Amino acid sequence: MKTKRIALNLVLCLCSLFAMGQEEQTEVVFETIQEQTDSIENVAHQQVDTVKMFTAEVDTVLIENTDSVPTTPVKRKKGLFAKKDSTVIKKGISFGPLPVVAYDQDKGFQYGALLNIYDYGDGSVYPHPRQQWYIEASAFTKGTQQYYLTYDTKHLIPHTRMSLAATCVYDKAMNFYGYNGYQSYYDVDSVSYWKKAKDKTGIRPEYMTAFYRLERLSVSFKADFIGNIWNNKLFWQGSYYFSYTRMRPINLASINKGKDSVEMFSGQTLFEKYQDWGIIQQKEGEGGFTSALRAGLMWDTRDFEADPSRGIWAEANITIAPKFLGTTHPYYRYMAIFRHYLPIVRNQLTFAYRLNYQGTMGQYLPYYVIPTFSTIGREYDRDGVGGYRTARGIERDRVLGLDAFFFNTELRWKFVNFILWNQNVSLGLNAFFDGAMVTRGYNLKYRGNPTDAKMMQEYHHYIDTSRKEGLHMSAGGGFRIIINRNFIIAVDYAYPFKKQDGMGSLYINTGYLF
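Quick note: the sequence shown uses this note's numbering, first residue 922, plus one each step.
Accuracy of the hints is not assured; some may be wrong.
SDA-like mimics (lysine to any residue), calculated; alpha carbons at most 25 Å apart, straight line [stated by the list, open to error]: (1) Lys1116 to Phe1016; (2) Lys1154 to Lys1063; (3) Lys1063 to Lys1178.
Estimated spans, in silico, between C-beta atoms of each pair [stated by the list, open to error]: (4) Lys1119 to Arg1267: 30 to 38 Å; (5) Leu1263 to His1382: 22 to 30 Å; (6) Arg1125 to Tyr1416: 26 to 34 Å; (7) Glu1184 to His1381: 27 to 35 Å.
Worth flagging that the hints you see were computed from the coordinates, not collected in a lab.
Note that the coordinates shown come from a computational prediction; the quantities given were computed from them, not determined experimentally.
Where is the CB? At the ideal position from N, CA and C, for every residue including glycine.
Sequences are here, hints too, so could you generate the full structure?
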């Protein structure tokens, strides 16, 4: 028995290490108070000391508030580790600190810390907190730093959910492959050659990864409001959004720090060439401010938010960022998302898909706004199309234009379910197929020096406006550890169909993609 406990402790510790990489906290739904997780005190007195520490962390992470959506009861089965339910109603403030550990092929290993703060008030709405805060400070080994502060409540304004978010993200080397997908040439063979070469002496700068990088600083704040229109299925959305974005060439001193002389980058980047060619116009400078209003509608019939097996989740919204609100370069956008979850075998096999379209009203969009995937609700804004949160396996920000479309299709199979220390645990596999495409391109017309033959030759090497944009596709699979249907450890690997989109990507994170 002692050996079994030690083995189980090791399994739980490994799960804890992977769980530390939570980039965004998933939400928890319990059908009734009688079906709650046993209190930390009762579990701790019956387990060894290492399990006491682990369950304290899991209990804090798993109890988060949920949207107003119907839920499906989770039936608990008798098992070796099952116990009679006992419930402690939490009151007041609860803190949930955790380390952050994850991996993203585009950004590298992530490390840092996060803190969840839950306010349960007098306990009358437990396990749903009356309000909650999320704080994160983390960094990636490839040079990204991110700081998040969010606040969420459904009790401050009657019948309205309010979500506030302040973010600061610094990318020392953000991906930049140009615009309009395949109309911008990505010399993946040369980059691959540079990465594999043992002797890098004399290799041209455009063969280096740094050639396809830029520096970005993004600071933003948003206040989002969601209210019920009909039957907790149809909702209205309203939002105010403010941001400052700065984009400029990479800092050579920072990029080359600690490298051998033959590995140092010393030439122009693709981003600088876009400036010389006049595609990125001087009037837009290094970026600017956005002050915008957003409004939309949402339809939500999911049976369970974090791990849905049936239902539809759809939303559509518009963004207006006029000059009189303080926007440096005014623009107007719209977005529509449709997500559908179809049960094939109840509680075991689900087919899910997501369709997303983000477009521009008019012919103009500032270049620094293009690599932004905007949402209303608890989530903060993401990068553009390409990468883990949009189209897996395709290079980050590979598919950028005035209008862009992407989709995800996924088959989710829970092949085993069991109860471990009164926690419902499922192991799952998923197979997926993703795709993306620019449907309306950015203006790639050459506006550089018409007498500079070398510059024009480089332009035609990297840009071909006569080339037809096509569908960027990828496929892959993943593994899931699902605890109580709400805390999900995710490992995915995806490979693109064309080398122009990358050479395969591994992701370790939390939650389902959608």
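**Study point:** Indices of hints not satisfied (ascending)
**Key:** 1, 2, 4 and 5
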